[in-house]
Every structure is written in C-alpha cells, then in structure tokens.
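**Student:** Sequence:
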Amino acid sequence: MTTELARLRIRDCLAFDDRQYLLFTAVHEAGHAVAGAATGDFWMGETVLTIHPGALTDAYTEVSWGDIRTQLVYLPGGELAQMRWLHEQRLWTAMRGRATRNAALHDHAALRSLGFDWRARHAAAQEADAHLARHWSAVLDVAGRLAAAGRISGDEVCEVMNHHLFAP
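Once you know that position 102 of the sequence shown is 518 in my numbering, the rest is easy, because the numbers rise by one and skip nothing.
What the hints contain is simulated information worked out from the structure, not anything from laboratory work. Ideal placement from N, C-alpha and C gives every residue a C-beta, glycine not left out. Errors might be hidden in some of the hints.
Said to hold, decoys possible - What follows is a set of in silico ranges between Cβ atoms, one per label pair, in the way DEER data are often shown:
no., residue 1, residue 2, range
1, LEU581, GLU504, 15 to 23 Å
2, HIS579, GLY513, 30 to 38 Å
3, GLY461, ALA525, 32 to 40 Å
4, ALA564, GLU504, 14 to 22 Å
Given only the sequences and the hints, what does the whole structure look like? Please build it.
**Tutor:** Below, the structure written as structure tokens:
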C-alpha cells in the first residue's frame, strides 16, 4: 500500500521556494567538490547546476579521482553538506532530513558498489565531514557561485578553497 508520504516528491517534502531549492542543491554539489578536493588526490572539471522553476533538477560534478579512498570521501560530501546547511539555516525538520537522505540515494548506492563494509564507509563519511567543517566557508562560497552562475570549474573551486583557507 502506498502512503501519501511515499507519493510526495523530494522537492515537495522540502517545501522550499525556488531560491532555497537552488541553493540547497548547489550546497550538495559544493559539498562533493570541496570534500573531494580536500583529499588532495582529485581532479574536477566542473560542476553544473540547472533548475528551471517547477521543473526537474540537473546537477552533476565532473570528476576523476586518483584512488578509491578519495571516491569514498567525495560521495558522502553532498548529503553531509546539505544536512549541515539545513541545521545552520535553522531549516532542518525530520521530513527535510529524510528527503535529503532520499535525494542522495544514488550516492549511497555508489558507495555500496565500491565493495567496502559499513566501517570503511563510516570512516570516509567522518573524513568528509571533517573536510567540510574545515572548509565550510568555501562550501558556502562555491554553492553561492554555482547557484548564481549555474557552473563552476574545478580551478575556481580550488581558488575559493585557498582563499578561505589562507585569508587573514
């Protein structure tokens, strides 16, 4: 039996206006980009975000990683960044938490497909979360630029990270 909740789209569960949804999605991609770049063994071509009001979302980050550990750290970065952002903005609710997790199911599936047990995946998520905490101002800056322009290059992400890391 299908419940009413199961029929709701993720966007409906979030109950965000177009601006909030755009930024929420940009934070996801920025979380991937920054968590991956922070490992030091990561190449990123660009992140692209396309949202037409009331339509489907297309967001992706073009990447290549040097080793599988980088992939393990990169994949949870998007969801973790969104959760941090929801709490920081005082927008978190149980419904939004579940919607955020469901929106990242493709990342969870990719993590499982790597063949590591839950301990390795948990350790990688902790590393990703530590990178996000250290570079949080860069995540927000990258997300803002991505939301405004619709794309950001890997070089720009690194410049933003360096700026925030070494700014006085």
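**Student:** Taking the hints in turn, state whether each one holds.
**Tutor:** Here is how each hint holds up against the structure:
The hinted window of 15 to 23 Å between LEU581 and GLU504 holds, with their beta carbons roughly 19 Å apart. Evaluation of the 30 to 38 Å hint for HIS579 and GLY513 yields a pass: the beta carbon distance comes to about 31 Å. Distance hint check for GLY461 and ALA525: the Cβ-Cβ separation is about 23 Å, which falls outside the suggested range of 32 to 40 Å. Here the CB-CB span from ALA564 to GLU504 is close to 19 Å, well matched to the stated 14 to 22 Å.
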